[in-house]
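Student: For this one, chain E is given, so just place chains F and H on it according to the hints.
What follows is the residue order along each chain.
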Amino acid sequence: MIVMIVGAMLIYGTLDMPKWADPNAPAALHVSPRYIEKTLEETATPNVVTSVLADYRGYDTLGETSVIFTAGISCILLLRKKKRENSGGR
Amino acid sequence: MLDFIISKYNYWMYIILMMLGFYGMIAKKNLIKKVIGMNIFQTAIILFFISTAAKRGATIPIVEHGHGEAVHAIHAIEYVNPLPHVLMLTAIVVMVSTLGVALAILIMIYRRYNTLEEDEILQVKGK
Amino acid sequence: MERIISNSPVLIVVIPLISAFLTLVIGLWKKRLCYPLVIIALSLSVLSSIIMLNTVISKGTIHYYLGNWDPPWGIEYVVDHFNAFIAIIVSFMSLFAAIYAKRSVEQELPEKIVYFYTIFLLLVTGLFGIIVTGDMFNLYVFVEISSLAGYALIAVGGGRAPLASFKYVVMGTIGACFYLIGLGYLYIVTGSLNMGDLRILLPPLYASRVVQTAFVFILIGFGIKIALFPLHTWQPDAYTYAPSVVSVIISTAMAKTFIYALIRLIFSVFTVDFVRLFVPIFDIICWISAIAMIFGSIYAIKQFNLKRMLAYSSIANVGYIVLGIGLSTSTTLGLTPALMHILNHAVMKGCMFMTACAFIYKAGLRDIRDFVGLGRRMPYTCFAFILAALAMIGMPPSVGFVTKWYLIIAALEAGKYIFVAVIFFSTLLMIVYFWNVIEIMYIRPAEKMVGDESRLLTPELTDGGQVRNEIKVDEGPVSMLIPGLVLALLCFVIGIAWISGILSPILKGVNSTFGLGVVS
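Going down the list, the sequences are from chains E, F and H. Just so you know, we're using numbering that gives the first Met the number 0 here: the first sequence kicks off at 0 and counts up by one. Just so you know, we're using numbering that gives the first Met the number 0 here: the second sequence kicks off at 0 and counts up by one. Just so you know, we're using numbering that gives the first Met the number 0 here: the third sequence kicks off at 0 and counts up by one.
Think of the hints as simulated: they come from the structure by calculation, not from any bench. Warning: the hint list may mix true and false statements.
With a straight-line cut-off of 30 Å between C-alpha atoms, the simulated BS3-like cross-links for lysine-lysine are [said to hold, decoys possible]:
#1 F:Lys54 - F:Lys7
#2 H:Lys166 - E:Lys80
#3 E:Lys80 - F:Lys7
#4 F:Lys28 - H:Lys166
#5 H:Lys58 - H:Lys101
#6 H:Lys166 - F:Lys32
#7 H:Lys301 - E:Lys80
#8 E:Lys80 - H:Lys29
#9 H:Lys30 - H:Lys101
#10 F:Lys54 - E:Lys80
#11 F:Lys27 - H:Lys166
#12 H:Lys111 - H:Lys30
#13 E:Lys80 - H:Lys111
#14 H:Lys166 - H:Lys111
#15 F:Lys28 - H:Lys301
#16 E:Lys37 - F:Lys54
#17 H:Lys101 - E:Lys80
Among chain F residues calculated to face chain H with C-beta under 7 Å, some are [unchecked claim]:
#18 Thr42
#19 Ile44
#20 Ile91
#21 Thr97
#22 Leu98
#23 Met107
#24 Ile120
Think of the CB as a built atom: it goes at the ideal place given N, C-alpha and C, for glycine as much as any other residue.
So that you can see chain E by itself, here it is in the shape it has in the complex (with noise of 0.2 Å):
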């Protein structure tokens, strides 16, 4: 019931949204042009994914890399059995 409630609320917003593979979408003119246009005086990378992950937006990708670290630590955190009694102290 709440899903259905939930999926009409999407569809809603839906209806005024650019249509599919325009290219005029203010999603591709704001923005991306100067990443693709840009990138190789800048970044000289040829692959924009990479300059954008690596460069423009390179602190996401620290902030990526902490969220590992996060769930590998934790799932150490969580997971780790106790020692028996008779191993030596660390």
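Tutor: Showing chains F and H alone in chain E's frame:
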């Protein structure tokens, strides 16, 4: 009307997929099914974002160049929008990490209660 | 020195992050060194947040471009009055929680201390990242860092903690994904991810259904995270079964940070004009918060477990803050009551959770009915509890009184008298449940001891925290006692500070940044 549906159907498909995952997360009683629903929900969001990056007649966002040659002019309209792809790379990593932590918690629950049905766990008193 | 000051928005995030990594490495090498490292890292964060507040008050908003790329092509950190204020709250509360943590973690999790402190520092990193960022997707990444750390920290408590944490995992992920959906909708129609840029780009699009749907989804997403009324079901279990330090830090720092994120998104991205156009939404928020206030207090009365009672009381207090948000466009006070209650509730609830967990640490007492005669045996801890309880009820000149006063003025100015009645009624309910505890602690005489309650009676009574013999119940250890007492005293000191107007430059700064405080 038909034009309307054709221009937007990509969004609707992904919204239906999201709702399937969401239903699984909230309506199912088995904890593993909840985790699977969570995974479907997050994957559908990622696909939704990526579908907004497409452009008709455009190619992948890797600019061809040659070392030291004169580079021809780069038009942004020929390349697919790279920004959602970038955001979704991070989102995929976040999704996998959340899945990992959720499954670690499920292992802890299983070790303690020996079952993964929510009803049975709630009936065990005081453990 | 100049470099440090100008880089302080980034330092406040990076110091805990690097310290988390160093704690892991150093802790695995020598376990004793990781705790001082945590304290040093958090003290440096406190220092950076004070530097940030100073810079903002003297020079205005700080804009910091990461990697020197201009926004909206690069990521930007924006620190204005609101940010600096919340950063100070979070850094001080995390420092107090860390000071408090030493003995409690050693008792509850003896073999996992190093990992615990690592995840604790990562939680604080995530919170600071949320506070200073000016970019929407960066906000999502740091929300996930702090959420993952939170899930792990809650799940290591004993007993039913894994199940409580799993419920929180499912609901928290729904919340974060709703925020991501809202963010995606906004990106589709504007193409930008920067908060300042969206503020400029959105006004022509206010009538579009995409923006309205995005607003609703972002509201619901963060509403789940802050445990606003109908979406609160994860909170009581999570606060009750978490380890002691974790209850302190998530009820004060984490909840306040998500409330900050909600306010920032409502008022900086969708500005006040949008809210006025999209008229009924703030009225709905006010009604939901009123129901939260009453519902939280009624459920708190029925609880016997002290931490569970405090968790329901937190739900009620989040109702107060959201009521302050809901009333902010209709009064001249703007966001003042909401901001006050963010600071005040952090201080009061931090103190109460610290004392409640001191009871558990010393004597294993969770149930209120077992607290008989505790007032004589742990005098300082109970005194701190009483001060905090008085503050929450709203005795002048404590902080609780100040925020209720301002909320009542705001409700009167807005002309919505029903909310004044709701505030009074919920205060009455709060008096009921706190009096329950205080009565049992101090007034009810010890009945005949049955079973294992006799171990609580000691042949000798002590008078402070320095006695170290095998008495089962005496005053709590000093390192747990001092943060609790400091916070309890701060409840009253900060109340006097609010009344005397020392902190009003911050409030004026916030209201002017958001364009509030002017009644249409």
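Student: It remains to establish, for every hint, whether it holds in the given structure.
Tutor: Checked hints:
1. F:Lys54 - F:Lys7: holds, 14 Å
2. H:Lys166 - E:Lys80: holds, 23 Å
3. E:Lys80 - F:Lys7: violated, 51 Å
4. F:Lys28 - H:Lys166: holds, 12 Å
5. H:Lys58 - H:Lys101: Between lysine 58 of chain H and lysine 101 of chain H the Cα gap is close to 39 Å, so the pair fails against 30 Å, i.e. violated.
6. H:Lys166 - F:Lys32: holds, 13 Å
7. H:Lys301 - E:Lys80: The hint is violated at about 37 Å.
8. E:Lys80 - H:Lys29: At roughly 20 Å apart (the allowed maximum being 30 Å), lysine 29 of chain H and lysine 80 of chain E satisfy the hint.
9. H:Lys30 - H:Lys101: holds, 13 Å
10. F:Lys54 - E:Lys80: Between lysine 54 of chain F and lysine 80 of chain E the Cα gap is close to 52 Å, so the pair fails against 30 Å, i.e. violated.
11. F:Lys27 - H:Lys166: Holds: lysine 27 of chain F and lysine 166 of chain H sit about 13 Å apart, inside 30 Å.
12. H:Lys111 - H:Lys30: Answer holds: lysine 111 of chain H to lysine 30 of chain H is near 10 Å, not above 30 Å.
13. E:Lys80 - H:Lys111: holds, 10 Å
14. H:Lys166 - H:Lys111: holds, 23 Å
15. F:Lys28 - H:Lys301: Holds, because 28 Å separates the two Cα atoms, which is no more than 30 Å.
16. E:Lys37 - F:Lys54: Holds - the C-alpha atoms of lysine 54 of chain F and lysine 37 of chain E are around 19 Å apart, at most 30 Å.
17. H:Lys101 - E:Lys80: holds, 22 Å
18. Thr42: Violated: closest Cβ of chain H sits about 11 Å from threonine 42 of chain F, beyond 7 Å.
19. Ile44: holds, 6 Å
20. Ile91: violated, 12 Å
21. Thr97: Hint on threonine 97 of chain F: holds, closest Cβ of chain H at ~6 Å, below 7 Å.
22. Leu98: violated, 9 Å
23. Met107: holds, 4 Å
24. Ile120: Holds: closest Cβ of chain H sits about 6 Å from isoleucine 120 of chain F, inside 7 Å.
Hints 3, 5, 7, 10, 18, 20, 22 from the list above are not met by this structure, while the remaining hints are.
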